[in-house]
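Peer 1: Sequence:
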Amino acid sequence: MNFAFSEEQEEFRETLRRFVDEHSPLPSVHARLETREGYDPDLWQRIARELGLQGIHIPEEHGGQGFGLLELGIACEELGRALVPTPFFSSACLATDAILSAGNDRDRQRWLPELASGSAIGTLAVLDEGEEWSAAGVTFPAEPDGEALRLNGHKRFVTAAGIASIFVVAVRAQGSSGANGITLAVVPRDAPGLGIDVHDSFDTSRRVADLSFEGVRAEPLGEIGASGPILDSILDRGRIALALGSCGGAGRCLDMAVAYAKQRIQFARPIGSFQAIKHSLAEVLLEVESARSIAYWASSVASEGLDELALAASVAKSFCDEAYAIASDRNVHIHGGIGVTWEADPHLFVKRARSNETLLGDPRWQRSRVADHHGF
Numbered sequence: 176m177n178f179a180f181s182e183e184q185e186e187f188r189e190t191l192r193r194f195v196d197e198h199s200p201l202p203s204v205h206a207r208l209e210t211r212e213g214y215d216p217d218l219w220q221r222i223a224r225e226l227g228l229q230g231i232h233i234p235e236e237h238g239g240q241g242f243g244l245l246e247l248g249i250a251c252e253e254l255g256r257a258l259v260p261t262p263f264f265s266s267a268c269l270a271t272d273a274i275l276s277a278g279n280d281r282d283r284q285r286w287l288p289e290l291a292s293g294s295a296i297g298t299l300a301v302l303d304e305g306e307e308w309s310a311a312g313v314t315f316p317a318e319p320d321g322e323a324l325r326l327n328g329h330k331r332f333v334t335a336a337g338i339a340s341i342f343v344v345a346v347r348a349q350g351s352s353g354a355n356g357i358t359l360a361v362v363p364r365d366a367p368g369l370g371i372d373v374h375d376s377f378d379t380s381r382r383v384a385d386l387s388f389e390g391v392r393a394e395p396l397g398e399i400g401a402s403g404p405i406l407d408s409i410l411d412r413g414r415i416a417l418a419l420g421s422c423g424g425a426g427r428c429l430d431m432a433v434a435y436a437k438q439r440i441q442f443a444r445p446i447g448s449f450q451a452i453k454h455s456l457a458e459v460l461l462e463v464e465s466a467r468s469i470a471y472w473a474s475s476v477a478s479e480g481l482d483e484l485a486l487a488a489s490v491a492k493s494f495c496d497e498a499y500a501i502a503s504d505r506n507v508h509i510h511g512g513i514g515v516t517w518e519a520d521p522h523l524f525v526k527r528a529r530s531n532e533t534l535l536g537d538p539r540w541q542r543s544r545v546a547d548h549h550g551f
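First residue of the sequence shown: 176, per the working numbering; consecutive thereafter.
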C-alpha cells in the first residue's frame, strides 16, 4: 500500500485550496450560514463548472471525472479545512456512492449525470426509529408496488434534506432482519406524500431534517432486498469521508491557533513564546498528523477494496473525530474569550467537529464496533 500522493494528486490539492481560499473565505462562510438555505448555490455551480468536484469519482460515461476515492478524500479534506458551505458530503459522497454501488446501468444513467453536473443535489436517508447507522439498524418498512416500492414512515437526521432534489432511502422488506431484505430506493423531492421538516441545528454549516412518507412511491436501485451489505460499505466510505473532513478542519484549527499565538502580545511578548502554549500546540500537531495518516490509510483500504474496510472506517472516524474535537477546543482556548464570539471563526470549527462526531456513529460506537471485530 503506497501512502505517497502522486504529482497529479498534489497539484489537485493545490488547485482546490487556491480555489477555496479565493471563492469561499471564512467571512463569506459566516454570511452564508445566516441564510435560510445555509449553503451557497452560486458557489456550488461554480465548483461544478470549474472543478467538477460533484462528479469526481463518477465514471466519465456518466458525466463525471472518473477519478478514485483518494481524490475524493483530498476534496473532503480541503473542503473541511475551509468549512465550504455546500452539500458535498451528502451529495457527492453518500448519494452518489449509493447510486454507483447499488444501482444498475439504467439507474446510473438516469441519476448520475445530474449529480455530476451539480444540477441535482442528493442525500442518503438511513436513520429511522433506531440509533444505529447500519443496514441491520434499518426498520423502515417498504411495500411492493409493481416494480416500485410504497413508503410509509419517517427518517431522521437527514443531511442537506432542505435543499436536496434526490433522496436515496434505505428501507426493509417486511419479515426480514439483519442486513437481509434491505433496499435503497430513490425518491424525488416533488414526490406526492413526502414531507421535509428542517431542524435548527447546532452546526449551522450542516442542516439536517426529518422526512415523513405517506404512501410515497420510490424506485428501487438494483435488485430489491439485496442492498444490505452495499449500504454498510457506503456508510463505511462515508465515515472515511467524514474522517478526512475532520483532518482538514483540525489542521485549519492548528494553523489558526499558531497564527494567533504569534500575533497576540501579553507581558510584552507573543503568547506563542510561552512554553505552555508551545506544548499545547505541539500536542495538537501530533493529533493532526496522526489523524491524517490514519484517515488516508483508511482511504487507501477503501480505494483498493480490501476486506478490512469496516475496521479501517471505524478506526479512522473515531480517531479523527477526537483529534478534531481536541484541535478545535484548543484553538478556542488559545484565542481566549474572542474565540467564542459569533464574529470570530473558531466556534464554527467547534460546531463542525461535534457535527462530524454525531454523523454515522460517534467515537464510542466506532470503538465498540472495532472491539466486536476483534471478538472482545
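Do not rely on the hints blindly, as some may be mistaken.
[Said to hold, decoys possible] Simulated crosslink set (DSS-like; lysine-lysine; CA at most 30 Å straight-line):
#, residue 1, residue 2
1, Lys453, Lys526
2, Lys437, Lys526
3, Lys437, Lys453
[What the hints assert, rightly or not] What follows is a set of in silico ranges between Cβ atoms, one per label pair, in the way DEER data are often shown:
#, residue 1, residue 2, range
4, Gly390, Pro202, 31 to 39 Å
5, Gly241, Arg285, 15 to 23 Å
6, Ser543, Ala179, 27 to 35 Å
7, Arg444, Thr314, 55 to 63 Å
8, Ser387, Ser448, 53 to 61 Å
9, Thr314, Lys453, 46 to 54 Å
10, Gly390, Ala457, 24 to 32 Å
11, Arg221, Asp482, 48 to 56 Å
12, Asp365, His454, 50 to 58 Å
13, Glu483, Glu318, 32 to 40 Å
14, Gly400, Glu183, 53 to 61 Å
15, Gly241, Ala323, 26 to 34 Å
Read the hints as simulated data drawn from the structure, not as lab findings. Quick caveat, the model's predicted, so the values are computed rather than measured. Note that the Cβ used here is the ideal one computed from N, Cα and C, for glycine as well.
Peer 1: With reference to the structure, classify each hint as holding or not holding.
Peer 2: Here's how the hints hold up against the structure:
Distance restraint check for Lys453 and Lys526: the Cα-Cα separation of roughly 25 Å lies within the 30 Å cut-off, and the hinted pair is therefore satisfied. Taken as a hint, the Lys437 and Lys526 pair is honoured in the structure, with Cα atoms around 25 Å apart against an allowance of 30 Å. The hinted pair formed by Lys437 and Lys453 meets the criterion: a straight-line CA distance of about 11 Å does not exceed 30 Å. Between Gly390 and Pro202 the CB atoms are about 46 Å apart, so this pair departs from the stated range of 31 to 39 Å.
The hint said 15 to 23 Å for the Cβ distance between Gly241 and Arg285, and at roughly 19 Å that hint holds. For Ser543 and Ala179, the hinted distance range of 27 to 35 Å is satisfied, since their beta carbons lie about 33 Å from each other. As the Cβ distance of Arg444 to Thr314 is approximately 60 Å, the hint placing it in 55 to 63 Å holds. About 57 Å separates the C-beta atoms of Ser387 and Ser448, a value consistent with the hinted range of 53 to 61 Å.
Thr314 and Lys453 have their C-beta atoms about 51 Å apart, which keeps the hinted 46 to 54 Å range intact. With their beta carbons about 59 Å apart, Gly390 and Ala457 fall outside the hinted range of 24 to 32 Å. For the pair Arg221 and Asp482, the supplied restraint of 48 to 56 Å is violated, since their beta-carbon distance comes to about 39 Å. Distance hint check: the CB atoms of Asp365 and His454 are about 56 Å apart, consistent with the given range 50 to 58 Å.
Distance hint for Glu483 and Glu318: a CB-CB separation of about 37 Å, consistent with the stated range 32 to 40 Å. Between Gly400 and Glu183 the Cβ separation comes to about 41 Å, which falls outside the hinted range of 53 to 61 Å. Between Gly241 and Ala323 the C-beta distance comes to about 31 Å, which sits within the given range of 26 to 34 Å.
Checked against the numbered hints given earlier, the structure breaks hints 4, 10, 11, 14 and satisfies all the rest.
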